[in-house]
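Asker: So the chains spell out like this:
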Amino acid sequence: MTTQAPPKAVDGAIGFLDERFGTAGFLRGKMKKVFPDHWSFMLGEIALYSFIILLATGTFLTLWFKPSMSEVVYNGHYTKLVGVHMSEAYNSTLRISFDVRGGLLMRQIHHWAAVMFVASLTVHMLRVFFTGAYRKPREVNWLIGLGLFTLALLEGLFGYSLPDDLLSGTGLRITQGVMQSIPLVGTYLFYFAFGGDFPGHDFIPRLYTVHVLLIPGILLALVGAHFMILWHQGHTQFPGKNRAQKNVIGKPFYPVFMIKAGAFFMFTFAVIAFLGTFAQINPIWLFGPYTPDSITAGSQPDYYMGFLEGALRIMPNWETNLWGHTVSWNVLVPALVPLGLIMTGAALWPFIEQWATGDKRIHHIADRPRNAPFRTAVGMTAVTFYGLLWLAGGNDVIADKFHVSLYATTWFFRFAIFIGPVIAYNVTKRICLGLQKKDADIVHHGVESGVIMRLPNGEFIEVHEPASDEQKAVLTGKDPLPELAIEAEDENGIPSPSARGPLGKLRKNLNRAFTVDDVPADGHDEGHDDTSPHAEEELQPGGVEPGGTGGSRAISHH
Amino acid sequence: MKWITAWRRRPWAGYAVVLAALAIIGVAYAGVSPRTDRAQAAAAAASDQDVAKGKQLFNQACSSCHGANAEGTKNAPSLLGVGAASVDFQVSTGRMPAMNLGAQIPRKKPVFNEEQTRQIAAYIASLGGGPAIPSKDQVDPANGDAAMGGKLFRANCAQCHNFAGSGGALTGGKYAPPLTKATPEQIYEAMLTGPQAMPVFNDTTLTPAQKRAIIAYVTQTRSEPNPGGNGLGRVGPVAEGLAGWLVGLGLIIIAAMWITARKPKKKHNV
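Here the protein sequences come in this chain order: A and B. With our numbering, the residue at position 243 of the first sequence is 243, and numbering never jumps. With our numbering, the residue at position 155 of the second sequence is 155, and numbering never jumps.
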């Protein structure tokens, strides 16, 4: 595929540009860039397309939105609020919703696109993590991705805070509380950001500038960098027949992949527009304008802030008084610890893995998650931690809709947040190892053919056929980790000096975690342990002789 | 006027004057001052016959828990002085008679019809007064100011019942029920009497006009369509997040699988 000459249409287009800019050599290479086909490789694209939709709809909204806290009296089409005092920000959002043609649709598409943006970033990140696609040479792109994700959270928070409705005001109040809880500088920081008391007149206009100018600008730059690096390094591919570190099997960018990408943009846009049309989101007219004395049941942030909300909800009410100053652990811990654990952990992980495994090789073949049990288990630990916090953020809705006690949910999550990740780690690791054993079994004994054979002695067996070349290539595509140099002991059994210190021991333990349970797919004897059916089969007196069914067929009991 | 001259010399005359003055001031104050702590709703005059019938129904359905004379038992509170409004709310929403005692008694299909409810209410009112059933005019949403009602609702009601009256969780297994089924009378009576976990909003806290405004807000909000499509239960971002992940991301990922699906292989390689 990669050696094929580009289609005529490509050469024509390149020729036009080449005659003017002399870019043929450059473009011909780039246009032929091959992208592998797998649905999970499209997740990042959802984020890109959502971002484009966000930019377009956001621009529309800026034409009418007024980021001002000056008080006005509502006099629009939504009669239930006529005569109510509100901020200009809220008033103009109502105007967009009820008086501007297509305004409500644009608002809803913008909001749904924001939800899809962060959601697709999340699943894209998970895909990259679980397939080990962050490994050398892609560590920098992984970090850029984390930056994009963090900024996307902030951008979302600022976006839904702008209309100054009851929920957004509640969210800002929490934001203020988090700022104030920072020891020593909290109060100053809060006054600096808000320009006075809460809510004040300055904060909404400031948020607006950050939301429509600063963060989108940085996001755009980072997205650009992310894609240029991707283009330069090429995409990872899953192991398979003829796939190697040095090639990529897939479709050339022009025309096949470009058309697919274009179609996928249309799909993404269609789904978001579908949601924007048929599912009401952020009905600020029902929330009402924000006043500091009002609050509503079911005060939740948008989903991506939900894990922070959950942490806040299950945190015990701890405070310490030191020399007349209160340290609010009850706000500080939930605001910083979960986010810090997840984001710092994610940022350091590629480097921890490299250090622990000593694996400095270039990786273009993605890992199947089962083939890296430790990484997959740690990933699921983080997913469980995040997921439980996320659920805890909706604990009042859960309590109300499923008729359980609110206190019971809080206490459940307080314990589950520690127990759940441990369970997830162990279960995931066992599942991975089980799948590895199954793979080894298929490689050596083939796949069930569905053909039942009766042996002369009356026993029924299922005939197994050898796995196809493609399947075998996938199953044996596992890349064993190199042996760590520091593990080497000299002839007297003394570990090398670098392995003796605390860091060396940590490294050794981590290395063990990465490698200890590995089931080699191509080593027959290690493929299963002594209690596996295969071992029994060979010991059974009534077992069939291998020669009886021909060399190409393996038979095992079923 | 000789008797005044004669009596004012008596030793107890001073006390009598003070007592009389206090009585006059007291009666005048009671007559002039706004009736604050106990809302008076114009009640239909309850006939003796209603009271008698109500007593009969009470004995059959309520007395096992509330006591033979509504004095209360260890299972249920005394009903002396709770008033007709409270009885009307509890019985017409089907909460009373209660089936089983959990953290909170749920709304269900009423056991008694309107007339029977009125009779029980009359009987309970005859035992110790209390707030009466509001009149039709007092609860008429058409006469309420929904914009003011919205402000009051957000300040007083939304914290438990949610911004659109969709309900919410409370502590200890209790909950603020959704306001989708409550009639204007029931909403008024609930504010007046504070059933179960709900606080009492007497006529000082919320004047009858403000109560009517809240009723207007609640009834308008629940009947107004959702301009943005499906309201997703009107519970806020939790439902939105769920829809975004399951419907939105789910559909797009199905599209991704479709786009990247390999063509089925031709049959030369079976």
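I should point out that these hints are in silico values taken from the structure, not numbers from a laboratory. Errors might be hidden in some of the hints.
What the hints assert, rightly or not - Dumping the calculated SDA-like pairs for lysine to any residue here, alpha-carbon to alpha-carbon at most 20 Å:
no.: 1; chain 1: B; residue 1: K108; chain 2: A; residue 2: A225
no.: 2; chain 1: A; residue 1: K401; chain 2: B; residue 2: L246
no.: 3; chain 1: B; residue 1: K174; chain 2: A; residue 2: H403
Remember, predicted model here, so these are calculated numbers, not experimental data.
Asker: For K108/B and A225/A, compute the direct alpha-carbon distance and say whether it is at most 20 Å.
Answerer: violated, 61 Å
Asker: For the pair supplied as a hint, K401/A and L246/B, confirm whether the alpha-carbon distance does not exceed 20 Å.
Answerer: holds, 18 Å
Asker: CA of K174/B to CA of H403/A, is that 20 Å or under?
Answerer: holds, 9 Å
Violated hints amount to a single one, hint 1; each of the other numbered hints is respected by the structure.
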